[in-house]
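Line order of the protein sequences matches chains L and C. Per my numbering, the first sequence starts with residue 1, numbered consecutively. Per my numbering, the second sequence starts with residue 1, numbered consecutively.
Careful, some of the hints might be misleading.
What the hints assert, rightly or not - Only pairs whose alpha carbons sit at most 20 Å apart, straight line, appear in this in silico SDA-like list of lysine to any residue:
1. K23(C) / E8(C)
2. K55(L) / R30(C)
3. K55(L) / E8(C)
4. K55(L) / A220(C)
5. K55(L) / G73(L)
6. K55(L) / R175(C)
7. K4(L) / S195(C)
8. K137(C) / V86(C)
Hints listed in this document are in silico derivations from the structure and should not be mistaken for laboratory results.
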Amino acid sequence: MRFKVSPAAAQPLYVQLTQQIRHAIDTGVLQPGDVLPGIRTLAEELVVSPNTVVKAYADLEHEGLLEIRQGSGAFVAGRRPTRAKSDRVRHAQERVRALVERLQSEGFDEEEIQRLVEAELFYRVPNAKP
Amino acid sequence: MTQEPVIETTGLTKRYGHVEAVKQLALRVRGGRITGFLGRNGAGKSSTIKMLLGMSHPTAGTGRVLGRTIDDPRASRDLRAHVAYVAEDKQTYGYMTVVEMIAFTRSFYKDWRPDAERRLLEQFELPRSRKVKALSKGMRTKLALLLALARRPELLILDEPSEGLDPVSIEELLRSLVGATAEGTTVFFSSHQISEVERIADHVCMLDHGRLVVDASLDAIRRDYRRVDIGFAERPPDCDWPADAISSVRTNGRQVTIMARHNVDAIVERAYSAGAVSVESSAVSLRELFLDSVASATSAAGPT
Numbered sequence: 001m002r003f004k005v006s007p008a009a010a011q012p013l014y015v016q017l018t019q020q021i022r023h024a025i026d027t028g029v030l031q032p033g034d035v036l037p038g039i040r041t042l043a044e045e046l047v048v049s050p051n052t053v054v055k056a057y058a059d060l061e062h063e064g065l066l067e068i069r070q071g072s073g074a075f076v077a078g079r080r081p082t083r084a085k086s087d088r089v090r091h092a093q094e095r096v097r098a099l100v101e102r103l104q105s106e107g108f109d110e111e112e113i114q115r116l117v118e119a120e121l122f123y124r125v126p127n128a129k130p
Numbered sequence: 001m002t003q004e005p006v007i008e009t010t011g012l013t014k015r016y017g018h019v020e021a022v023k024q025l026a027l028r029v030r031g032g033r034i035t036g037f038l039g040r041n042g043a044g045k046s047s048t049i050k051m052l053l054g055m056s057h058p059t060a061g062t063g064r065v066l067g068r069t070i071d072d073p074r075a076s077r078d079l080r081a082h083v084a085y086v087a088e089d090k091q092t093y094g095y096m097t098v099v100e101m102i103a104f105t106r107s108f109y110k111d112w113r114p115d116a117e118r119r120l121l122e123q124f125e126l127p128r129s130r131k132v133k134a135l136s137k138g139m140r141t142k143l144a145l146l147l148a149l150a151r152r153p154e155l156l157i158l159d160e161p162s163e164g165l166d167p168v169s170i171e172e173l174l175r176s177l178v179g180a181t182a183e184g185t186t187v188f189f190s191s192h193q194i195s196e197v198e199r200i201a202d203h204v205c206m207l208d209h210g211r212l213v214v215d216a217s218l219d220a221i222r223r224d225y226r227r228v229d230i231g232f233a234e235r236p237p238d239c240d241w242p243a244d245a246i247s248s249v250r251t252n253g254r255q256v257t258i259m260a261r262h263n264v265d266a267i268v269e270r271a272y273s274a275g276a277v278s279v280e281s282s283a284v285s286l287r288e289l290f291l292d293s294v295a296s297a298t299s300a301a302g303p304t
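Chain C extracted, bound-state conformation:
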């Protein structure tokens, strides 16, 4: 079955003055999954999300979310009925109490589910009559999550949802995202926390300096990605490594370290035929891949 991606962008670019926050982004997010949008602070994650939601205009490029063009005001209004968004700053009306805020939001949506509202209100232990502005950061996140999940949206986009939460609240947040996916919601969440992406995501998109540096399924990373350390007894020869299988090659004295995306056997074979004296391959954690991708993107962008 060929399915249109839930999110698809081509050449998406955002420039603020001289700063290019998002560069030529080609993002594809498939439905029914959890996709982690990983990057350092300032990598361009929020800028991308705001463009996807029609809250900011792309400088160049286009995109579609649930089949609707992102830079079209009418399509964007229509899109809001199907997409729920949990913002980083969780802007809500501070003067309302928790129950007033819920009742206010409920009135906008035909697909509101009172049973989900009750369940989440109880699960999150939100103080019903407290004013929103008096809530802790964790409580505000939970309220925003409740308002999003009580609608069973087709797509749930969250910008750094775990920011400022304690470990117990993070656990509840991740569990809610998993539960939403089980109900058929596609989840796209940005984060700079590698461990939470590693736990719940099916797919990871890594952004660095506005560019997509990794776009892979977690299954593929665990199964196929390997770090290969190759030792030579003399200066390493110039080798013709299979380029499509490799994400980076680093030489350090007589040792060459290769990050391979697949086809490790071919790399090992090539290393031995080039005269390698030792070859060792080991699994690559998401953290290692992240640090490697960020480092190689920085060195590729910088002067040689």
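Excised from the complex, chain L in its bound form:
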């Protein structure tokens, strides 16, 4: 498995690496039980800071896609606990999109909608009545 990062791209290098590994797992190029290169090995191969590899592996472990075993490296995890979550996020996004479209058809502009959402999320005072 070969990875590639582009220093000129607008995304942090660890994000680029995370996406490539995630994609390889999604497509089955990397499968449960497969071993990923060690941190030093991959850092030297890509000529990037080892911290880039550490961050990418840590994020993927957090997502449940990788298992880090002390002393023996990073493995592709057997389970895929993130699937159900990503389906739910996609479904929620569709509902938000529908709501935004309805508000727009009622004449609200993007900024107003954004302010309404932010007000709900960040500035809501419980039980406050004007």
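Start from chain L and add chain C according to the hints.
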């Protein structure tokens, strides 16, 4: 975990006659990372490094490297056991051969690693019996790097290490720095080559005319820094941009260009409420940020 920075300076200043090479420098370098020290030739990088290593006295200000005060001769001697330095001119003893030079250096350090010495000697393909003075610039850099890395220093400081190297040697150099970091060495290297800093550095400190103009992680630059071009249909109004989020604002006719460090959404919102007719935000490369910082530092220092 709060960790003391590996390098920390406050108000560090170096004056040569009337020339102020380093001005009020507040530098902080964290451990376990690769930090690129970027600046044009003559920006004050070497002057800073020499003060950090106790090779030159600050005109004003103080600093600590690995917890030791830089301007104290005894602490500075002690520091040399923990810091390796690859100088720009790679001063070594020209009359010695490569293996004599290695044996000579080895005798000074208790923490020397013969296995690393063998591996690097092979990897760098250094001619063992050639005299140091007959080595090419690239070979001399590799020898200096071998002498530094065979000790696994806590901190490795390099002054323009890629200067005069061919592309293959630069690749080997960068790979060695990455490998050293993986072994726990903190790397601080000066350079005027944007691309090599962009490739391996976790953090960048940009120096211009002796001043620190950018101090940011590469992740933050890639994720948060944006150039926002704002077009107006008439003379741009005086806008109250969020100052903490912005590194420069330039007006060119009806267009305003903003370099933002974060909070692009707030800037876009402010632009529209000020009557902007077009707003476009794009990623900022390290090159663009460097040129912008150097330009704004120059215009800020010059007469208005």
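Status of each hint after checking the structure:
Only pairs whose Cα atoms come within 20 Å are accepted, and K23(C) paired with E8(C) is accepted, the gap being roughly 15 Å. Restraint check for K55(L) and R30(C): satisfied, since their Cα atoms lie roughly 17 Å apart, inside the 20 Å limit. Using a Cα cut-off of 20 Å, the hinted pair K55(L) and E8(C) is violated, with the two alpha carbons roughly 25 Å apart. For a cut-off of 20 Å, the pair hint linking K55(L) to A220(C) stands: about 14 Å separates their Cα positions.
As the CA atoms of K55(L) and G73(L) are separated by approximately 14 Å, the hinted pair is consistent with the 20 Å bound. The suggested pairing of K55(L) with R175(C) holds, with an alpha-carbon distance near 19 Å, which does not exceed 20 Å. For the suggested pair K4(L) and S195(C), the alpha carbons sit about 16 Å apart, so the restraint of at most 20 Å is met. Proximity of K137(C) to V86(C) is assessed by CA-CA distance (about 13 Å); at most 20 Å being required, the pair is judged to hold.
Against the hints set out earlier in the document, a violation occurs for number 3 only.
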